[in-house]
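On the provided structure of chain A, position chain B as indicated by the hints.
Residue numbers (this note's numbering), protein chains in the order written: chain A, 45 to 342; chain B, 45 to 342.
What the hints contain is simulated information worked out from the structure, not anything from laboratory work.
Each hint should be verified, as a subset may be incorrect.
The list cannot tell twin chains apart, which means a pair is met if one copy fits it or any two copies do.
Below, computed lysine-lysine pairings styled on PhoX-like, alpha-carbon distance capped at 25 Å [stated by the list, open to error]:
id	residue 1	residue 2
1	213	81
2	201	271
3	269	58
4	98	193
5	49	244
6	201	244
7	201	213
8	336	177
9	201	58
10	188	335
11	177	326
12	335	201
13	81	326
14	335	81
15	244	193
16	293	213
17	58	244
18	81	269
19	293	335
Predicted model, so just to flag it, every value in this text is computed and none were measured.
Next come the chains, spelled out residue by residue.
Number of protein chains: 2
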Amino acid sequence: MADPKLSHIIDWYKGLQDRICSRLEGLDGTATFSEDKWQRPEGGGGRSRVIQGKHIEKGGVMFSAIDGDMPEVIAKGLGIEPTHFHATGVSIVLHPNNPWVPIIHMNVRYFETDRGDWWFGGGIDVTPHYIIKTQAKDFHLHLKNVCDKHDETYYPKFKEWADNYFFIKHRNETRGIGGIFFDRLSGDIDDFDSRHAFVKDVGSAFVPIYSRLVEANMDIPIEVKDKAWQSVRRGRYVEFNLVWDRGTKFGLDTNGRTESILMSLPPIAHWHYNHNPTDNPKALETLQFLKKGVNWIA
Amino acid sequence: MADPKLSHIIDWYKGLQDRICSRLEGLDGTATFSEDKWQRPEGGGGRSRVIQGKHIEKGGVMFSAIDGDMPEVIAKGLGIEPTHFHATGVSIVLHPNNPWVPIIHMNVRYFETDRGDWWFGGGIDVTPHYIIKTQAKDFHLHLKNVCDKHDETYYPKFKEWADNYFFIKHRNETRGIGGIFFDRLSGDIDDFDSRHAFVKDVGSAFVPIYSRLVEANMDIPIEVKDKAWQSVRRGRYVEFNLVWDRGTKFGLDTNGRTESILMSLPPIAHWHYNHNPTDNPKALETLQFLKKGVNWIA
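Just chain A, with the same shape it has in the complex (with noise of 0.2 Å):
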């Protein structure tokens, strides 16, 4: 890639963390993001912001644009030449206060070496504490639609992608509802503005995606055993981003800026030997939803 191409798509990304920062302010209604600047030794940098308010618990909206030169067992992992490169991108996780109201990540990134390999990654999944069912099929429909905007085999390939990779393996258990996830997705060079186009919609679908996630649920009223439940699927959560998660594991392994890694860590998490919540009905019934390949949008 040129580099104004480059630029341009980390000033693209810069930009959605702004909007999706200012408008998440609106949403939660108390709560104004504070900023973390850092620098990387071997080359870039990022902006971190983190959010406690009173809709959203913990969160952090995560942009970086990091360069440096690939440590060969990295290249030969992703079947590339060793040489320089630079990566750039958006991560947000939120965990709402309201236990009705699902956690939401989203990542958008894009990757490119001096040798002319270039790829875009992302996808957005939701974990809901209980799976509303009509909400759930709202959420991927509307991730179809983005989807099919651009291409008509995205949306069930990267369904089911994100099917497999948002799996708790030795829960068997997927980690919520899915939604959708995709990686190297390149082509010739004539193919770059449509990638790219593809992602921004992505992008761009986060904030409202999330916001009817909010506003149908925030005002839900809560009981003990509600907050008690969050706090047993927090720790499903956690278990999956430390224990499989390929990006939790690269970033703390190649040294990466660890507050800013384990921001999509919950606030607070619970383990109970053995736990069933046989008090709870709702919570089984979500327990028999968290497989691979449930369509949701029947």
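Just chain B now, with coordinates in the frame of chain A:
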């Protein structure tokens, strides 16, 4: 190993679990262990015992004796020929209620193959929420005495091993004040009894070591800020166990019993972005000592 030796070791570990559980129930004074017996389709099984009491907020004392055919990839990792193997041991993690009492972990284990490989492994390490230097010295002296009785090279070697093993790389801090850790302790067949005798002494040291730590600290009055700090340190414990602990990883990768493996996780953990306990001088002091190579018995 001839079978009688193996069954002798298995019986000894079983008895160790019984003795430790009975002493811990006495120490707690209110709660008793509940037990889950489990079997492994591939061979063997275990007895998982958990307690939730007044002084022990959440604790597990696990015995297992498994056997099976070793997957080639694991044999390769161990540098041995793939064959039928037996593995048995006792694992303990106790999360105390009072933050002045440390988290303690102990493991003793034995491994052998049908081709004649055999070794012991194990260790004891302690994770104080607040480090009290006189107690850290007392703990390490106790371990040194156990080691010195068998081999004067053990303590310095196994203390350094614990420092390196119980290290949270992405935080650049040790999990706690360490202790001893050792693996693949083997030798000629003539060395078998002396190796076993050492590991027995490590296992038998657990109750006296933990009793001293509980009795010295369990009645120290606690404040809200102490429980808050405990939850943050418990978060670090989760990070170590899920990201770095090879035993946990091995168990989750090889379809072990998840609830037994993750018994080591605390009942509750907190994550705050960029946390710095400026209001808690004892916490700040503790952070100063979470590094490798501290000579606690000096």
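Hint by hint, here is what the structure shows:
1. 213 x 81: Between copies only: 23 Å across chains, 35 Å inside a chain, cut-off 25 Å.
2. 201 x 271: Close neither inside one copy (35 Å) nor across copies (46 Å); limit 25 Å.
3. 269 x 58: Classified as neither: same-chain Cα gap 40 Å, cross-chain 38 Å, threshold 25 Å.
4. 98 x 193: neither (35 Å within a copy, 59 Å between copies)
5. 49 x 244: within (14 Å within a copy, 65 Å between copies)
6. 201 x 244: within (19 Å within a copy, 55 Å between copies)
7. 201 x 213: within (20 Å within a copy, 36 Å between copies)
8. 336 x 177: Within one copy only: 15 Å inside, 51 Å across.
9. 201 x 58: neither (28 Å within a copy, 50 Å between copies)
10. 188 x 335: Classified as within: same-chain Cα gap 19 Å, cross-chain 50 Å, threshold 25 Å.
11. 177 x 326: within (12 Å within a copy, 49 Å between copies)
12. 335 x 201: within (17 Å within a copy, 47 Å between copies)
13. 81 x 326: Close neither inside one copy (42 Å) nor across copies (30 Å); limit 25 Å.
14. 335 x 81: neither (39 Å within a copy, 27 Å between copies)
15. 244 x 193: within (12 Å within a copy, 67 Å between copies)
16. 293 x 213: both (16 Å within a copy, 12 Å between copies)
17. 58 x 244: within (12 Å within a copy, 59 Å between copies)
18. 81 x 269: neither (39 Å within a copy, 29 Å between copies)
19. 293 x 335: both (24 Å within a copy, 23 Å between copies)
Going down the numbered hints, you'll see the structure goes against 2, 3, 4, 9, 13, 14, 18, while the others check out.
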